[in-house]
Amino acid sequence: MIEKIRELLKYRELLLSITVREIKVRYKQSVLGIFWSILQPLLMMMVFTIVFSRFAKIPSDGIPYPLFSYTALLPWTFFATSLSFAIPSLVSNANLLSKIYFPREIFPIASILAASVDFCIAAVIFIALLVFYDVTLTVYAFYVIPILLIQVLLTLAVALFSSALNVFYRDVKYALPFFIQLWMYLSPVIYPLSSVPDGFKSLYMLNPMAPIIGGYRKVLVLGASPDLYYLGISAFISLITLFLSYKYFKIVELSFADKI
Amino acid sequence: MSDLAIKMEKVSKQYRLGQTGYRSLREDIVNIFMRRNAHSECFYALRDVSFELKRGEAVGIIGPNGAGKSTILKLLAGATKSSSGTVMTKGKIGAMIELSAGFHPELTGRENIYLYGAIIGMKKSDIDRKYDEIIEFSGLEKFIDTPIKRYSSGMYARLGFSVSAHLDPDILLVDEVLSVGDYIFQDKCISKMKDFRDSNKTIIYVSHNLDSVRKLCGRAILLKEGRVAYDGAIEEAIRMYYEVMSEKQKGEKLARSFRFIELRLTNSSGQEVKTFEAGEKAVFELKIACNAKVESAFISMFIRYSDGLVVYDTSSDLLTGKYIICEAGQTILVKFEFIVNLLKGIYSLGCNIARSMDGGPVEFLEYMNNAFVFSVKETTSRQGIADLRAACDIQLKI
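Line by line, the protein sequences are chains E and X.
Sequential numbering of the first sequence, starting at 659, is according to our numbering.
Sequential numbering of the second sequence, starting at 86, is according to our numbering.
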């Protein structure tokens, strides 16, 4: 395993080039270009605010709903965009895979890196919202670093496994949008963690995205400590799944060229 | 042996027939429940292939389509694994393979050079260093900041080849990359590969262009249906290749009613030549066996420039004003005479037999696209393809 990672590091220039290609190409021939990365979570936030806050009166832990939802939508969009680019990435580069060798995980990883650029741009709006709603950051805000790290590990785990599976079963591609949507409803994006009934909570928190999304709100907007117990479980699940899915990826990688 | 660069030992590669690689989950589930295996039929792309290459050797791999040439490259490049046997390579491997997928149409030539270089394993600093050389080699200076979706397919290939030609591996794998691009560029590529070979690097060269294989390699491996049919001197390999091909063609054309027995391209004194002087007379003779009764046959001959452009195309019915009527068992002798009013370059001569169906659609009965390749020699420095016999008159008046 260590050897595989070392090999991947040797190919970092290729990883960088593929990432740059992804970024450059993403918004070519679109009028709004890079603004799409801001528009997407921003429009979602507006619709959510109108529908879920005004119409459905969903509580938001005393946080203004636009800020409440954007805090979750920003990392969620990062997660969803990463997956939707990573999962078809192997199949769409079939021609390369079948002819030369390099670590194949470069493609899903590059998709995630490219999505992180969108994430950073959309984060500007988040900062603007913090200023607008006059939120003071506390020292707990530093927790955002480990939380983001856990999220990236989890994204990587899902992306590696699903992109490899997509080589063998194209069903994955069709199931993906549905699956991501379902996952969002099972994570505290629209509603606060406090709405989850206590009896369900330990089961609910097994979804590794739940403590992550909940964590962002706590450390950034509420200025409190995250729920370290559940966050720890989330980190554990993410690491184990990443280990297993990378292992799976490396085993089936050998037959990509024949199956794709 | 220490100077071994490539060693393949009893290598087989098996593919499953019946379905393309991927499946749908539903099919797999159905198969599990029905206890049947949909992929039971197998096909060997390679079977018990063994050969060795020493460092500094350039070896051609030839053979008809589907003989397993590309599979060997894929195995050596590490893109896929053999089903059995061992593949050993020593040193850094570089691939000059048709990889247009490595390009992105929206990016400029410049951006694609870096992308492509990274894909085939070059470091950014290497590309920086060789950047000017690469562009000069490609001859695409003017278009380097244009998105390559505006490029022609020839320009695509040139760009890709120019990058990979500046790679510095120990083993170079070359696939049919030269088929695109004009012959000047092809010559450039061959001489680049020669430099490579002469600096003690190992080359595996896969091509249908036997002439370029001969230029580069002293040894060739002939593949036939996944097995090594011959491994040795290039001339013998090429001779056997033609045998294999004509066997194959015989198999395919058994039902056809016409066959070329003999084709000759000579100069006016009856000598078979490969070079003509501009303006010289040429004679093209065909001997054709006829195995069916046909009432409206005609023979065409056509000359192409080395980039594929048809320079001239004519046929017996146009020249004689009538169709050929022939019986089974007859032999048709055809003689075309033409003047080589062409300028300096390499041309190919092809021919075909066809019949007109009630003056309407044409059915091709037999063809030979590159029956001969000849060059035209010329001492003046006129440019172009056709000699239009231009005249010029100058007068000065006060």
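No lab work stands behind these hints, which were simulated from the structure alone.
If you're wondering where the values come from, they're calculated on a predicted model, not measured in any experiment.
Heads up, a few of these hints could be off.
[Claimed, not checked] Reference excerpt, derived from the structure (chain X facing chain E, CB under 8 Å, subset only): (1) G176; (2) K177; (3) A180; (4) A203.
[Claimed, not checked] One-sided excerpt, in silico: chain X residues whose CB lies under 7 Å from chain E: (5) D88; (6) K92; (7) G151; (8) A162; (9) A164; (10) S168; (11) G170; (12) I182; (13) R195; (14) L200; (15) K208; (16) N285.
Heads up, the beta-carbon is just placed ideally off N, CA and C, and yes, glycines get one too.
Tested hints:
Taking 8 Å as the C-beta contact cut-off toward chain E, the hint placing X:G176 at the interface is violated, the least distance being around 14 Å. With a least beta-carbon distance of about 12 Å to chain E, the hint placing X:K177 at the interface is violated under the 8 Å criterion. The interface hint given for X:A180 is met, as the beta carbon of that residue sits about 5 Å from the closest beta carbon of chain E, less than 8 Å. The criterion of a C-beta within 8 Å of any C-beta in chain E is met by X:A203, whose closest approach is roughly 4 Å, and the hint holds.
Evaluation of the X:D88 hint against chain E yields a violated restraint, the C-beta minimum of about 24 Å exceeding 7 Å. At about 18 Å, the closest approach between the beta carbon of X:K92 and any beta carbon in chain E exceeds 7 Å, and the interface hint on this residue is violated. Annotation: interface hint on X:G151 violated; nearest CB of chain E at approximately 16 Å, more than 7 Å. Taking 7 Å as the C-beta cut-off, the interface hint given for X:A162 holds, the closest approach to chain E being about 5 Å.
Satisfaction of the interface hint for X:A164 is found here, the shortest Cβ-Cβ separation to chain E being roughly 5 Å, below the 7 Å cut-off. Interface hint at X:S168: violated, since its Cβ lies 10 Å from the closest Cβ of chain E, which is beyond the 7 Å cut-off. The interface hint given for X:G170 is broken, as the beta carbon of that residue sits about 15 Å from the closest beta carbon of chain E, more than 7 Å. For the restraint placing X:I182 at the interface with chain E, the shortest Cβ-Cβ distance is roughly 5 Å, inside the 7 Å limit, so the hint holds.
A cut of 7 Å between beta carbons decides the hint on X:R195: the least distance to chain E is about 12 Å, and the hint is violated. The closest approach between the C-beta of X:L200 and any C-beta of chain E is roughly 5 Å, which is under the 7 Å cut-off, so the hint is satisfied. The closest approach between the C-beta of X:K208 and any C-beta of chain E is roughly 6 Å, which is under the 7 Å cut-off, so the hint is satisfied. Annotation: X:N285 was flagged as interfacial toward chain E, and the flag is violated, the nearest CB pair being 23 Å apart, outside 7 Å.
In this structure, the hints that do not hold are numbers 1, 2, 5, 6, 7, 10, 11, 13, 16, in rising order.
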